[in-house]
Amino acid sequence: MFWLSGGFVFRRVVSPFHKLDPRVKLLLSLELFFLALVSSTVAEEGALIAVVLVVATVARSLRRIGRTVLFSSLFAAFIFAINLVFGLGLQSAILYSVRFLAIIGSTSVFFVTASPDELEQIMKWMRLPRDVVFAFVTAVRFIPVVMLDAFQIMDAQKSRGLEFEKGNIFARIRNMVPILIPLVVNSVIRSGELAEAMESRAYGSTPRPTSLYGMRTRWYDVVVAAASLVVFVTVTLYIYHLAPL
Amino acid sequence: MTINPRAAESKKTLATIEGLAFRYPDSKRRAVAGVDLEIGEGEIVLLAGPSGCGKSTLLRCINGLIPHMYPGEYSGSVTVGGLKVSSTPMSTLAQNVGLLFQNPENQIFMFSVERDVAFGLQNLSVPREEIRSRVDEAMKLLGISELAFRAPHELSDGQKQRAALAGVIAMRPKLIILDEPTSLLDPRTALEVVSLIEKLNRELGITFIVVEHRLELLVPIAHRLVVMDQGSKVMDGTPQEVLSDPRVEGYGIGVPAISRLYNALSKDGVGFSKVPETPEELARELNRA
Amino acid sequence: MTALSGVSLTIGERETVAIVGENGAGKTTLVRHINGLLKPTKGSVLVDGVDTRKTTTATLARKVGIAFQNPDHQLFSDSVENEVKFAMTNLGFAPEVVAQRVDWALKFFGLEDYRSSSPLVLSGGEKKRLTLACILAWDPEVVVLDEPTVGQDALQKEKLAQIFRLLQSTGKTIVIVSHDVEFLWPIQPRLVVMSGGRVVAEGQISSVMQDRGLLDRARVIQPQLLRLHSELRDRPPAPFLDVSEARAWVEGRDSRQERR
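Line by line, the protein sequences give chains A, B and C. Counted from 1, the first sequence has number 36 at position 36 by my numbering; the numbering is strictly sequential. Counted from 1, the second sequence has number 1107 at position 107 by my numbering; the numbering is strictly sequential. Counted from 1, the third sequence has number 2254 at position 254 by my numbering; the numbering is strictly sequential.
Watch out, some of these pointers could steer you wrong.
Cβ-to-Cβ under 10 Å is the rule here; a few derived chain B residues that face chain C [stated by the list, open to error]: (1) E1154; (2) G1158; (3) L1184; (4) I1253; (5) G1254; (6) I1258; (7) R1260; (8) A1283; (9) N1287.
Everything labelled a hint here was simulated from the structure, so no lab data went into it. Quick caveat, the model's predicted, so the values are computed rather than measured. The C-beta atom is built at its ideal place from N, Cα and C for all residues, glycine as well.
All chains, please: the whole structure from these sequences, using the hints.
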């Protein structure tokens, strides 16, 4: 689980890929994602995963993304098994499980290389409402905090004799209550404090706040985006031209 | 570090609170019940009182959260820098009064320190180049420039506190209110925050109101000590004046051990040339005898 | 990343031990080992002769109660009464015993009026008392308090000191993690100073805290009365424990001087 989440958390790295305009990163990731969905043979998916790993290497994040893809194979094996059980044939089972890995890899590329701040910039550029953008960024920002809260709550309740591991499914669900309620309560309290701090720093004064950073498209962004589009269109045509319908 | 107790007197008034009373909608009694207070420019005011005395409510009345965010039964007036708080929008008030809350975690919204420091300025539609320079200036003042790109969960408590304060300083308020800024910090880090407050007050002339239970941390830098109890102001004067007044021990505040000792000895007739603020000063007094 | 390194500590029955040190020094990590929330990667932790790695936190909880710093991380029940019952129910206490202990705990901590209220509507100070009530209700031999005085005003701290004295008089073993040297000083516990995941000093609080260099390195401050004592000429051998002791000494000294 930890390794899986590692592939979706941004890490500050200096690499040619990271320097790209966030919109180009999004474009590349979406292209890979789309191709993962429409590829119809295992060879194609395999090639796509290889491309994902090459991109990961350029982004100097091969270990993170590679590890995530690797550990997702557990889930992919599960998908494989389910497909067999439901009688969809060996060929399809392998295809679907490898497709899963390709999807994980392609989305991971975006989230590992685009910081939440860049995500915010993209959302602003897409003219999403100010409050939606803010809610999203703040939610991402507080993920580690809420996780820490959860661990502390579990420790406190374990110290009062609560045992999660024991009992049937019903007992286990019941044992979640002493964890979930404090988590929710803390989140509510936190929202209140955040609201006060936001007001005190003039949030809401204008529907279009200015920004410390802006996105700037440079020559290499245009080149990379254009090149990728050419490749993408070519590959898509190839897939549809040769894929049996 | 010497403070001229007369320095605060010669400055003009920055904030005036007159007959302020406020009752929350779901409460039977008034949280603040008729407070009159004047804050002079450049003062560091220490605000003390037992839990439930109305300190937190008073702070929110000064920065505008009451009545703008928390409506209720409000009477009297609060004026800061010539602006009447109840009729001035929060966006303007935020540029005059900053409020720093107890838990720095819940005041940092952004994923990196510098973007969080920029938050308030972005909300005020400040142009980009100006945001850049004010953010850099604020981070430099707080000594956190190297932390510009760090994520908040990578910071220590003291660093988080500084980051939150930088975000407030960037708005260039004349008055900054700190609600128990050191309660979650260890004593050494707390002392660092205290000397930071003193530095900002001395170099930039920012006025401070600090709510704190551990009075001994703030007394060395405070010009004034105001004590509240049950919604009213009950004592107001220099820290020496207030702490050496025998009434102070009846209000359930953490009177520092040195002050309690001084009061007990004075009552028994032991002579002192001045009211000691620190253990070292008291020792000097006693060694003279 | 090692949070603790080479820590060896023995806490005797009925002792009161205070652990001090800056945030991140490893204090909370250390005490989490006492009830098995954390198991050591090297070395062992024995509680009443039992190795914590060989048993569960729930079992250890019978003997060790930890009161954590943030009450909002614990309170969840629909009533204060059920909140206090929670641990004892988990630990398998008989219903009559549970009822008895709940009555005692509510009374002792002044929470009887809130018996059927939701714990979530209590004030900060009341919540703190409630978490203590929840722990002490099942009467563990070892009580661990993680920063009990944070955010508390003087009256609340005084109440806490009373509870402390009661715990000591009933022979409990107490471990308290705290920054609040002013609160700890009159209690005169055995002091453990931690820094960077290690124990850098250990001993009676009055002797350990005289080493200003050590305290500086560990980022701990001295209580006011100790600072006063160390600056006095002709000071008595033992530092003042509280204001009345200091006052008695000063006035005793003055009358001694008068007689000369």
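### Task
Run the structure past the numbered hints and jot down the numbers of the failing ones, going up.
Structure breaks hint 1 only.
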